[in-house]
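Colleague: Use the sequences and the hints to build the structure in full.
The listed protein sequences derive, respectively, from chains H and Y.
Residues in the first sequence are numbered consecutively from 2, following my numbering.
Residues in the second sequence are numbered consecutively from 2, following my numbering.
Keep in mind that the hints were calculated from the coordinates and are not lab data.
It is possible that part of the hints are untrue.
[Said to hold, decoys possible] Straight-line alpha carbon distances no greater than 30 Å define the calculated DSS-like cross-link-like pairs of lysine-lysine that follow:
hint, chain 1, residue 1, chain 2, residue 2
1, Y, LYS196, Y, LYS327
2, H, LYS152, Y, LYS152
3, Y, LYS223, H, LYS67
There are 2 protein chains.
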Amino acid sequence: MTISPEPGRVPNTMQAIHMHQYGGPLVVETMPVPALGPTDVLVQMSATPLNPSDLMFIKGRYGLNKPVPVVPGLEGSGTIVAVGRAWWLRPWLGRRVACGAPEDSDGTWAEYMRTSFHRCFFLADTVSNVQGATMIVNPLTAWALVEQVRKGNHRAAIQTAAASSLGQMINRLMQRFKLPLINIVRREEQVTMLKEQGAPYVLNSSAPDFERQLGELSHQIKATIALDAISGQMTGQLLNAMPHTSEVIVYGALSEQAAMAHPGDLIFKHKRVRGFWLSDWIEQQTILGIIQTGTRVQQMLHTDLKTTVQAGYPLAEIEQAISHYKQQMSGGKVLLLPGLHRTNAVAYQEQAMQ
Amino acid sequence: MTISPEPGRVPNTMQAIHMHQYGGPLVVETMPVPALGPTDVLVQMSATPLNPSDLMFIKGRYGLNKPVPVVPGLEGSGTIVAVGRAWWLRPWLGRRVACGAPEDSDGTWAEYMRTSFHRCFFLADTVSNVQGATMIVNPLTAWALVEQVRKGNHRAAIQTAAASSLGQMINRLMQRFKLPLINIVRREEQVTMLKEQGAPYVLNSSAPDFERQLGELSHQIKATIALDAISGQMTGQLLNAMPHTSEVIVYGALSEQAAMAHPGDLIFKHKRVRGFWLSDWIEQQTILGIIQTGTRVQQMLHTDLKTTVQAGYPLAEIEQAISHYKQQMSGGKVLLLPGLHRTNAVAYQEQAMQ
Numbered sequence: 002m003t004i005s006p007e008p009g010r011v012p013n014t015m016q017a018i019h020m021h022q023y024g025g026p027l028v029v030e031t032m033p034v035p036a037l038g039p040t041d042v043l044v045q046m047s048a049t050p051l052n053p054s055d056l057m058f059i060k061g062r063y064g065l066n067k068p069v070p071v072v073p074g075l076e077g078s079g080t081i082v083a084v085g086r087a088w089w090l091r092p093w094l095g096r097r098v099a100c101g102a103p104e105d106s107d108g109t110w111a112e113y114m115r116t117s118f119h120r121c122f123f124l125a126d127t128v129s130n131v132q133g134a135t136m137i138v139n140p141l142t143a144w145a146l147v148e149q150v151r152k153g154n155h156r157a158a159i160q161t162a163a164a165s166s167l168g169q170m171i172n173r174l175m176q177r178f179k180l181p182l183i184n185i186v187r188r189e190e191q192v193t194m195l196k197e198q199g200a201p202y203v204l205n206s207s208a209p210d211f212e213r214q215l216g217e218l219s220h221q222i223k224a225t226i227a228l229d230a231i232s233g234q235m236t237g238q239l240l241n242a243m244p245h246t247s248e249v250i251v252y253g254a255l256s257e258q259a260a261m262a263h264p265g266d267l268i269f270k271h272k273r274v275r276g277f278w279l280s281d282w283i284e285q286q287t288i289l290g291i292i293q294t295g296t297r298v299q300q301m302l303h304t305d306l307k308t309t310v311q312a313g314y315p316l317a318e319i320e321q322a323i324s325h326y327k328q329q330m331s332g333g334k335v336l337l338l339p340g341l342h343r344t345n346a347v348a349y350q351e352q353a354m355q
Numbered sequence: 002m003t004i005s006p007e008p009g010r011v012p013n014t015m016q017a018i019h020m021h022q023y024g025g026p027l028v029v030e031t032m033p034v035p036a037l038g039p040t041d042v043l044v045q046m047s048a049t050p051l052n053p054s055d056l057m058f059i060k061g062r063y064g065l066n067k068p069v070p071v072v073p074g075l076e077g078s079g080t081i082v083a084v085g086r087a088w089w090l091r092p093w094l095g096r097r098v099a100c101g102a103p104e105d106s107d108g109t110w111a112e113y114m115r116t117s118f119h120r121c122f123f124l125a126d127t128v129s130n131v132q133g134a135t136m137i138v139n140p141l142t143a144w145a146l147v148e149q150v151r152k153g154n155h156r157a158a159i160q161t162a163a164a165s166s167l168g169q170m171i172n173r174l175m176q177r178f179k180l181p182l183i184n185i186v187r188r189e190e191q192v193t194m195l196k197e198q199g200a201p202y203v204l205n206s207s208a209p210d211f212e213r214q215l216g217e218l219s220h221q222i223k224a225t226i227a228l229d230a231i232s233g234q235m236t237g238q239l240l241n242a243m244p245h246t247s248e249v250i251v252y253g254a255l256s257e258q259a260a261m262a263h264p265g266d267l268i269f270k271h272k273r274v275r276g277f278w279l280s281d282w283i284e285q286q287t288i289l290g291i292i293q294t295g296t297r298v299q300q301m302l303h304t305d306l307k308t309t310v311q312a313g314y315p316l317a318e319i320e321q322a323i324s325h326y327k328q329q330m331s332g333g334k335v336l337l338l339p340g341l342h343r344t345n346a347v348a349y350q351e352q353a354m355q
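Modeller: Right under this line is the structure:
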């Protein structure tokens, strides 16, 4: 699916999903198309997913609130249809990109989004806009988290929420790099699922001797880094179980609780807690590095980093899209397709879903 | 006070305070004088303090339990009266030292203690055994913590429990290095005391707008590191108040609670939590570095790093010593003087207290 650029044909107004207060209704409104700063680009959005973090965001529980009113949406794909005045951005016009929303202003659930050039990843011809729409929040995060393990020279790692889409990607990447990983899940059927995917170590945190098992296993395989999506008590359990001089990297807060750390682990055992945010990670990369990583990740979008898409909705049907996704969160991503009202809806959707 | 070495005259047995279970009674028992490993030294203990961390240790709440039965006591001073077979330890015989207890075996509340050479600091002639007895847990820790601020290139810092002996030392050192410090205390009279000591920034954590004040002040003076003796909620408050990319160093747990960290601070604001333990810090130093630091710290034992001593007791009066200390913890250190029964008690004590 390629949309030709139409320079000079960017309209003055657009449709966007607007939220006037956190937890309040999501309404489709006509808004001005945003103006661009020197190094900004304007992306005509083609597809943009509903992520769990988006659902947290619209409830005001994501941990990072933008000023309201605001357009939600963390990631998506589309075509660059206008660029800021920086001369070196001219060749970007017309390129298809996966793009992340700015940290402090309107996001991807709109016909157009203004964002900074460094939040855009050129899409290869082999990657459709639908596949590219979900490239950042899960695949790129999985890549960047596994990079923390590799660059830190850890022999093995632990991850929580291992049955999530992101967790499964991390599990596959760790296998690709031949790095042992202890997967932590909450239910027995998730243990089965991950073992079927070839994971050698899967622990159920609901098991009565979970902490003992985790302690023994992490010492045995020398798992000195944990990737934690849960926070709260889990962070403390991880830290406590791991060997001397280990670290927990908190990248999510599914428990919605403060991360705990026993002082004895911090003081006497030299263990540490830090966070990870993809946005910071991207800013630390060189331009060349980010292009290489973008290329590498796209090559794996059909395999290790594959995302399943279950449905697409026009912006106007945001409430239906959310209901659908909430009912079947493990069935694949639900996308918003901001172009869907402007074209033959059925044909567009078929094309988009290819 | 100089004790001459008496090689060959080390007895086979000694008196020591022995604890058979955490929280159990402390009894003076006759025990074998410990055997030495190749790089160990045997210190004939002259003076050894009761520190708050010792009181935690004997209750089993220090966070690091040694196998029982055990001799408590974290630090002290004395004379090296025997050395292991490493040839380069020979010249150490007869030297007066401040010494720390081994991590996993008997401590300083005894007539003799076996410890590793690298836990000993030669005492200068200007430093008495009484002054040297309290050189490690407070003065050296204060030095090492302020070093975290200096080597991390932080423009300013925060500390909790600022009215403690250690806190006051940190405050004086920070003033010496012209580094702004926000002192956090719990009571108004502590605010007054620290301001009288020239501290420009003192906050009372019991004040209703404490968090707002801390947030404004830490951003204003760019305090990007906090030295935290409290843990629990306080760690989360510190982390939350401080600027982007700050870190909290937990070195104590007066709250006896797990350190908290809001996931949003870890994830989106790049803040970190780690611990500090003097024992690790000492092991990371070079021999030359530790000698230089030991010399530097001793030069300040009469000024910035001065410890007040209020009383000395023989080992047999450990219970009285503890009662005395608990009743007047802010009145100065209470020491055990393991030689007190062997000599003219009054003369020894007068000499020791000089």
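Colleague: Now, for every hint given, state plainly whether the structure supports it.
Modeller: Verification of the hints:
1. Using a Cα cut-off of 30 Å, the hinted pair LYS196(Y) and LYS327(Y) holds, with the two alpha carbons roughly 26 Å apart.
2. Restraint check for LYS152(H) and LYS152(Y): the C-alpha separation of about 24 Å stays at or below 30 Å, so the hint holds.
3. Only pairs whose Cα atoms come within 30 Å are accepted, and LYS223(Y) paired with LYS67(H) is accepted, the gap being roughly 24 Å.
Of the numbered hints stated above, none is contradicted by the structure.
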